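Peer 1: Residue numbers (the working numbering), protein chains in the order written: chain W, 1 to 484; chain X, 1001 to 1288.
Please keep in mind that the hints were generated in silico from the structure rather than gathered at the bench. Because the structure is a prediction, the values reported are computed rather than measured.
Once the Cα atoms are required to be at most 20 Å apart in a straight line, the calculated SDA-like pairs of lysine to any residue come out as:
id	chain 1	residue 1	chain 2	residue 2
1	X	Lys-1233	X	Thr-1199
2	W	Lys-332	W	Leu-369
3	X	Lys-1015	W	Ser-18
4	X	Lys-1243	W	Asp-11
5	X	Lys-1015	W	Asp-11
6	X	Lys-1015	W	Ala-15
7	X	Lys-1015	W	Pro-128
8	W	Lys-332	X	Glu-1008
9	X	Lys-1243	W	Leu-324
10	X	Lys-1015	W	Arg-105
11	X	Lys-1047	X	Pro-1060
12	X	Lys-1243	W	Ala-13
13	X	Lys-1019	W	Asp-20
14	X	Lys-1233	W	Ala-13
15	X	Lys-1287	X	Ala-1084
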Amino acid sequence: MTRARTAIAWDYAPAPESTDHVRLRDSYGLFIDGDFRDPREGARVPSINPSTEEPIAEVAHAGPADLRRAIDAARAAQPRWASLSGLERGKYLFRIARLIQERARELAVVESMDGGKPVRESRDVDIPLAAAHFFHYAGWADKLSYGVGGREVAPLGVAAQIVPWNFPLLMAAWKLAPALACGNTAVLKPAETTPLSALLLAEICQEAELPAGVVQIVPGDGATGAALVRQEGIDKVAFTGSTSVGKDIQAALAGRGVSLTLELGGKSANIVFEDAALDQAVEGIVNGIFFNQGHVCCAGSRLLIQESVAETVVARLWERMGRLRVGDPLDKNTDVGAINSREQLERIDELVSAGEGEGAVRRTIACDLPERGYWFAPTLFTEVAPAHRIAVEEIFGPVVSVLTFRTQAEAIDKANNSPYGLAAGVWTDKGAKAFEVASALQAGVVWQNTYNHFDPSAAFGGYKESGFGREGGPAGLRPYVRVS
Amino acid sequence: MDRVGIEERAAVLGKRSIKTTAKQQGIRLAVSMLDLTTLEGADTPGKIRHLCAKAVCPAPTMPEIPSCAAVCVYPSLAGVAHEALEGTGVRTASVATAFPSGQASLEVKLRDTEDALAAGADEIDMVISREAFLAGEDTRVMEEIVRVKDACGDAHLKVILETAELGSYEHVRHASLLAMEAGADFIKTSTGKAASGATPGVTLVMLEAIRDYMERTGRPVGMKAAGGVSTSKAALHRLVLVKETLGDEWLSAERFRIGASSLLNDLLMQYQKTQSGRYARPEEFSKE
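Put together the whole structure using the sequences plus the hints.
Peer 2: Structure representation (structure tokens):
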């Protein structure tokens, strides 16, 4: 018996991650002094799923009186928290890390529902890295003086921390883990559009039996953040977000003796030399700019390619972009999810139109986009001049601007010719060249033959308008201690 | 070539979620691409005939499962396979050229090939001289392929690189390009006799070499992943690599093959599970 030979078509079937296991409440209060509390002044605002525009849960926003209460709770709890031995504080952080791992699947789904990022990324990057950060700083808690060159350390006191919407839980972990390890207490404001994972983290703090008042979670919008940094009784502000807000915070803190670290925007150069492994460079470019829809402060949004290979790299990149799967963030095969908010989508639209208007050549992949929600298909600009807005301003979306260079010196010059200095990528098979270029770049992070790789033991932070202070590794302890 | 980058990309593609209809279709596709293989000293005409029957009709109770692409045997048994497969659409493939080591004179290799063809082989799986390749004698490697290809005439030539013995991804890519330049219809990873076979990284590097060769010359070359692909999950991972590197045009037995012996029953077992919701006992499927 012979079997008929007919062509067998093969495509991936929808593979949505289940949401059955997610335990979200209908409404969340403010997490102050160990419990969820009704706001005294603030409103309750729904958090929207950007891929469907449907509300997910209602979240209380903090008003000034609520912020006051949160800071007072943090202040009251701080001496006792600081008086615990480092080993004891470390135990709590280890516990939080393990609870994040235990609830990893739920946190990943919530992160993707609330923020629009593909569940593959929240599952494989955001949540494991958030847990890793707590593990890392749990280990430092009883070794603090070794992290600062053997000197004596004391905590600063109360840290006001404001995190962005692109990596909501991970950024909360970056802020809270070192602050707590060093004996500070914290008031953390998650971003307006993505408060849910931070509120789940508040539940985890309860499960971990973290002493009341050590962590406060106070959702709100930009005004809440502005009010928070202007409150009395804080000793430290740590902010991750846009450069303009960072400047406003710095002005508000001037002369108040409040210590500050800022992790701001970027327009990071990803430099591809002619002697690079080009297929792997193309992967790195894709990972550099389309990871998390380009909502990454260190995204490789300025692609600098050596002229001799520019045509080849752009052709391969374009071919590779055509294979990106754009759509439902909860589908396990989605590569590029939804844009985080309508406001962000409008900003991307505006800058992309400016790019076209200035004469750059735009190519956007053809793909079916869902009718509801906020979407932007991966886009490539060629014929970009260094003076174009799309070569200078942060787009914070899945849009890469291609520029070319002729020599190593020109590459370094062009890469540094930016008000920003957060990250850079260097692609070459020549080891000596990679180190030479890396040390000449004004960027806080330089990746060699890879991009957007994060590790809790590596310091992260910026030059110039990308901010100051470092997060991660022993360098990340420094902003949370007074050294004597 | 960057080893870390290659393996990362290959691993990411292993995370594609292939479920429900995609799993069923993928398994059917994998069966249709299978070169069902037996290459043992103990092979007898009886065993080959059993294997051929299995290749023609892998699962009598599941008529939607297609035939395999070919049965792959030693030259001495190619005649038996040819007779058993005549008129079924399943092709006879024979290894040749002093398989698996390739340590013989060109004359012996050509004679080996001619024997297989005379016995009715439709496809020849030759090995390159790793000895020559590693000594840097590219011309000798190519010369052998050219001569065997000449001897093949209409028969399809698959060139086995035995990637486990080449030592680096650079070498895998270089050997792939040499084989294609010399006229290979397919490039194939392994003999199945070495320590490792068609790893995801090696498969990706060879697929990219095919893509670049196609771009330059316009000639499509096929790829055969052999060795180490023994589970449905591994087979579907290889299909994802093909789909996202070369595209859907390569997703047919004309352009992609999997060489394996034990894989087929795992494919059948997984397929049946997608239908019945439970795993069958291994004994429910004939071994050959």
